[in-house]
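J.: As they're listed, the protein sequences go chains X and C.
Residue numbers 244 to 417, in this note's numbering, belong to the letters of the first sequence in order.
Residue numbers 77 to 216, in this note's numbering, belong to the letters of the second sequence in order.
Hints may be right or wrong, so weigh each one.
[Said to hold, decoys possible] So the derived label-pair ranges between C-beta atoms look like this: (1) C:Gln-98 with X:Gln-392: 51 to 61 angstroms; (2) X:Ser-393 with C:Arg-151: 39 to 49 angstroms; (3) X:Thr-303 with C:Gln-98: 48 to 58 angstroms; (4) C:Ala-116 with X:Ser-383: 28 to 38 angstroms; (5) C:Ala-181 with X:Asp-246: 24 to 34 angstroms; (6) C:Ser-172 with X:Asn-323: 37 to 47 angstroms; (7) C:Ala-133 with X:His-287: 15 to 25 angstroms; (8) C:Ala-149 with X:Arg-312: 34 to 44 angstroms; (9) C:Val-141 with X:Arg-362: 21 to 31 angstroms; (10) X:Asp-246 with C:Gly-152: 21 to 31 angstroms.
If you're looking for bench data, these hints aren't it; they were derived computationally from the structure.
Heads up, the beta-carbon is just placed ideally off N, CA and C, and yes, glycines get one too.
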Amino acid sequence: MNDFSDDILVAASRRGDKEAYALLVRRHYRCVFSVCLGVVGNFHDAEDVAQDAMLKGFLTIRKLRNSERFDQWIYRLAKNMAIDFLRRKGRLKLLAAEKAGHDAHGPVVYAALEDAIRRLPMEIRLPLVLFYLDDKSTASIGERLNISQSSVCKRIKRARKQLHDLLTERVENE
Amino acid sequence: MNKNCEKFRDMAADVMAGELSQSERRDLADHLLECSDCKAYACGLEEQDQQLTGYFAYLRSNLGVQEESVVNALRGCDSIERPNLVSCFGRFVRSSLTRYAATAALIVSVTLCTVVTLVWISHIRECMQLSFAVLELAAG
Chain X
244 MNDFSDDILV
254 AASRRGDKEA
264 YALLVRRHYR
274 CVFSVCLGVV
284 GNFHDAEDVA
294 QDAMLKGFLT
304 IRKLRNSERF
314 DQWIYRLAKN
324 MAIDFLRRKG
334 RLKLLAAEKA
344 GHDAHGPVVY
354 AALEDAIRRL
364 PMEIRLPLVL
374 FYLDDKSTAS
384 IGERLNISQS
394 SVCKRIKRAR
404 KQLHDLLTER
414 VENE
Chain C
77 MNKNCEKFRD
87 MAADVMAGEL
97 SQSERRDLAD
107 HLLECSDCKA
117 YACGLEEQDQ
127 QLTGYFAYLR
137 SNLGVQEESV
147 VNALRGCDSI
157 ERPNLVSCFG
167 RFVRSSLTRY
177 AATAALIVSV
187 TLCTVVTLVW
197 ISHIRECMQL
207 SFAVLELAAG
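Only chain C is shown next, with the shape it has when bound in the complex:
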């Protein structure tokens, strides 16, 4: 098997998914006429595809019985889960709206703290200046 064969075997596997263009299909057909190994490989894939189709069709034909057993089990089911306080709280905490609100609250509180600190510092500075002025007057 040469490198070309590997390429054509890849293409043979693509045929089933309808992935090949017309020209690629022609190239593949030409190669299969020349190479008996690749032809056997492609035939094997085709046979396997038929087997897969048959097998899954067989499974599909059994699904009706399974569906009915789910429906019967469903009839025996008690009831649907009611939302309880814990799950409501969990959903509230996980929701994106809560996250945005928490971020906004954090930004607002940091800004407020900064403003209050600045006001407080300027107030202290004024007090100190006033104290110094009073001291200077007293000394003078």
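One chain only, chain X, in its complex shape:
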């Protein structure tokens, strides 16, 4: 079943086959998590949103018209859910507490980096995360984000420069 293409697995999932959908989860989870992390900027929230998006994908898979484009569909679903999550969170005003940096996930050596990534604007954080986490080429990131390859490169460059400034600023303050 591992060799089956997405459209076959989607067809089986539509009939309620959970094992088929589990294979789709294993195949596309990284991309879904990358987009969630790129949008929300926080590991734990990204994990929650990505898991919800994957489950919602199963529950609403009948709405997918072109079963060959499952990757694009689940990517859009995850991105919309992550943006909704940010809106809800914005209303609850929890973002300020998060900015204080109490939510580091990785080892301590990465705490400063995690915090700096979280402080980047979403439009440059998302291509940066896709580039490093999902091992994507700038061309495929552009396709996914619906922007040109040169815009992707510019955004990644801006993200790197801002990260450098944020990290240098932090070292100077310490």
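Could you slot chain C onto chain X? The hints should help.
T.: Then chain C, alone, in the frame of chain X:
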């Protein structure tokens, strides 16, 4: 830092994405030999790139656990949503085919109304002409 330095710092940030040509790389290397500030900046970027690579590799190594928890949650899921009447109607209304059909129906009905009105007007005109002729005959 002069304007040239800003340009070379931009180029240093481009190196990681493999965006620089051979000649640009050479120019950058020449500048870094001369300018210690830019060299420190480029080293900082390189170090940051290694940190990013390490950090995201660490995150990737944890994704397997997350995938399994999604799969477990999936097993506890009830069933997939069946299409109900409301959502079917909503999809029907939103579909492009429905929009084309509605536009065509509107055009056909406007054309029909126009034709009927024209026929009706010409019919009335004929009746009036006939009435006038009858009146003239009666008067004559």
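J.: Indicate, hint by hint, whether the structure satisfies it.
T.: So, going through the hints one by one against the coordinates:
no.: 1; hint: C:Gln-98 with X:Gln-392: 51 to 61 angstroms; result: 20 angstroms, violated
no.: 2; hint: X:Ser-393 with C:Arg-151: 39 to 49 angstroms; result: 45 angstroms, holds
no.: 3; hint: X:Thr-303 with C:Gln-98: 48 to 58 angstroms; result: 50 angstroms, holds
no.: 4; hint: C:Ala-116 with X:Ser-383: 28 to 38 angstroms; result: 33 angstroms, holds
no.: 5; hint: C:Ala-181 with X:Asp-246: 24 to 34 angstroms; result: 49 angstroms, violated
no.: 6; hint: C:Ser-172 with X:Asn-323: 37 to 47 angstroms; result: 21 angstroms, violated
no.: 7; hint: C:Ala-133 with X:His-287: 15 to 25 angstroms; result: 19 angstroms, holds
no.: 8; hint: C:Ala-149 with X:Arg-312: 34 to 44 angstroms; result: 24 angstroms, violated
no.: 9; hint: C:Val-141 with X:Arg-362: 21 to 31 angstroms; result: 27 angstroms, holds
no.: 10; hint: X:Asp-246 with C:Gly-152: 21 to 31 angstroms; result: 27 angstroms, holds
When held up to the earlier numbered hints, the structure conflicts with 1, 5, 6 and 8 and fits the remainder.
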